[in-house]
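Trainee: If you want the building blocks of each chain, they are given just below.
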Amino acid sequence: MYQLYQQINKDDKHTYKLLQLPPDLLTHLSTSSDSELLIKSDADASSVVICNNDTTWKLRQMNHSNTVVLLDNLNIKHRDTSLSETTNVLIGGDMCSYEYELTSTKGVINVDKIPVYDGDELQESITLDELSYDSLCSKNEFVNNWYELGGCEIMGKAYLLSPRLITEILYVIITYLISRKINYNNSFNLQDIKVVDENINESMVFSVLHKFGQVADNEVTLQNDKIAKWFGVIELAKSDDLINANDFLINWKGSLPPFYNVSLDIADLRGYYSSPILNKMRYVNPKLLSTNLSTRFSQLFEIDNNWDYDLFVPLIEEFVPKGKKIDTLIIKYARKKKITKNKFTVCPR
Amino acid sequence: MPTASIDCSQAKDILNSDGQLLPHQDNLISTPLGLTILEIQGELNLPTHVPNVAITESNREYIENFIKVDEIYDAVKFGRLEIDADETKVTLFIGKSQRLIGNIVKLDHPLAVLRVPVKTDDMTDDDEKIRLVDIVKKKMIFKQRPLPIM
Chain A
1 MYQLYQQINK DDKHTYKLLQ LPPDLLTHLS TSSDSELLIK SDADASSVVI
51 CNNDTTWKLR QMNHSNTVVL LDNLNIKHRD TSLSETTNVL IGGDMCSYEY
101 ELTSTKGVIN VDKIPVYDGD ELQESITLDE LSYDSLCSKN EFVNNWYELG
151 GCEIMGKAYL LSPRLITEIL YVIITYLISR KINYNNSFNL QDIKVVDENI
201 NESMVFSVLH KFGQVADNEV TLQNDKIAKW FGVIELAKSD DLINANDFLI
251 NWKGSLPPFY NVSLDIADLR GYYSSPILNK MRYVNPKLLS TNLSTRFSQL
301 FEIDNNWDYD LFVPLIEEFV PKGKKIDTLI IKYARKKKIT KNKFTVCPR
Chain B
1001 MPTASIDCSQ AKDILNSDGQ LLPHQDNLIS TPLGLTILEI QGELNLPTHV
1051 PNVAITESNR EYIENFIKVD EIYDAVKFGR LEIDADETKV TLFIGKSQRL
1101 IGNIVKLDHP LAVLRVPVKT DDMTDDDEKI RLVDIVKKKM IFKQRPLPIM
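Same order as they appear, the protein sequences are chains A and B.
Quick note, the first sequence lines up with residues 1 to 349 if you use this note's numbering.
Quick note, the second sequence lines up with residues 1001 to 1150 if you use this note's numbering.
Check before you lean on any hint, since a few could be wrong.
Stretch-level coverage of chain A by chain B, calculated; a stretch enters the list once three of its residues show a Cβ under 8 Å from a Cβ in chain B [as the list claims (entries may be wrong)]: (1) 26-34; (2) 150-164; (3) 185-193; (4) 201-209; (5) 232-245.
Derived BS3-like pairs: lysine-lysine, alpha-carbon spacing no greater than 30 Å straight-line [unchecked claim]: (6) 324(A) with 336(A); (7) 106(A) with 1012(B); (8) 13(A) with 1089(B).
Cβ-Cβ distance ranges computed for the label pairs, FRET-style [to be verified]: (9) 1098(B) with 298(A): 53 to 63 Å; (10) 1129(B) with 155(A): 30 to 40 Å; (11) 1118(B) with 298(A): 41 to 51 Å; (12) 1117(B) with 133(A): 50 to 60 Å; (13) 15(A) with 1105(B): 17 to 27 Å; (14) 1105(B) with 133(A): 32 to 42 Å; (15) 265(A) with 1105(B): 46 to 56 Å; (16) 295(A) with 1105(B): 42 to 52 Å; (17) 1137(B) with 78(A): 15 to 25 Å; (18) 1118(B) with 148(A): 53 to 63 Å.
Bear in mind the hints are in silico, worked out from the structure with no lab data behind them.
Quick caveat, the model's predicted, so the values are computed rather than measured.
Glycine is no exception: its CB is placed at the ideal position from the N, C-alpha and C atoms.
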């Protein structure tokens, strides 16, 4: 049997909060020697995240109307009291009217204030450390996402390389490798291509190699399928009109550096085009589509009101909530029609 | 953008100290560091200050419910807790007339208890960090309406 007491005046220097620990964070805390978690929020504090080095969790305050008391068990924790006997006494301190819930989320880099660099004059920017500090993102996710966004550090400041400049640098790197008889299908030393062109900054080369390759211990392995896709999307984006698929393939091949032999498959560009007429294609810029699913579906049906299922799915799949099937979402906002045994289309309701 | 850090240096020891031996009864409701969570569906109405009256025969029992903790805090006794023989049920007696039947439940997600310094105007960046001080894996929950004590 325990006697229960509750403090009626509180410690005014500290308050106690409860934070739910999801299994991945619990494993991290029980095994890692990294003893710090970061709490980050965006400028208006509408989003708050907790990060370790690799993972980001979204934090949500869950209010409740129950009385939750944190009690000290005086059999274990010593506290001075005016009681003559402190055996089997529990003393309540803070009451917690909410818990913090954590859900795993993708780290995001806020690039709103980062200027795009197209090879011309450098604009005012912030440092990479400042950007990392400002982003709702763990350290390692930041590094990966930064290069994926085409990020580059120039003169100690953060910039985003323009797609045109990325394409130009990529073209120069591959041409350089071919001219030096370095096999672009195998890994090569980063030092070998530090200076590919005197007009291209070393850090830009480094950024582009990180975006299109795997870099480990100064060795780079290019992801040639990703490079081919990049050139394909750039070529596709050159026209807003319907283009013939065969003509496009020729243009795509022609946009690659000479003697750069990689396999090209239009299917790799799914997520960037529609095909309202057989063997014709039209560029779709996914960045211009709404992130609200209902609006996104409407926008997609304005582009084409009878989508090939396989072309439609890549344009919405990143918005499918965890644990939900993509077809559940399609049925909610549209109709999925069976054409042949393995062929489906998506059209408005 | 605002950033703060949580010092979790104790977490590894706390999570790996499950084998630490505590008296059996304490082990059922408390963490090895001596923290217990009690949840009541409802409100606990407690006095907000110690009554400033002389002890008389008529108020002695009430006044004796108040104690001093750590020489600075006042605390009031609000009940007693009994653990049933099957070790999953608990009964909370509040005052002389009410009792609540509750359970000891394992939490789906363990709760980290964070000690957060209250910000004051004269705090600097070097001031105390938020600290993870304990991890609670079970709690006592009282979901039912109070029953009369017969």
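Trainee: Could you tell me which of the hints above the structure violates, numbers in ascending order?
Mentor: Of the numbered hints, 2, 3, 4, 5, 8, 12, 18 do not hold.
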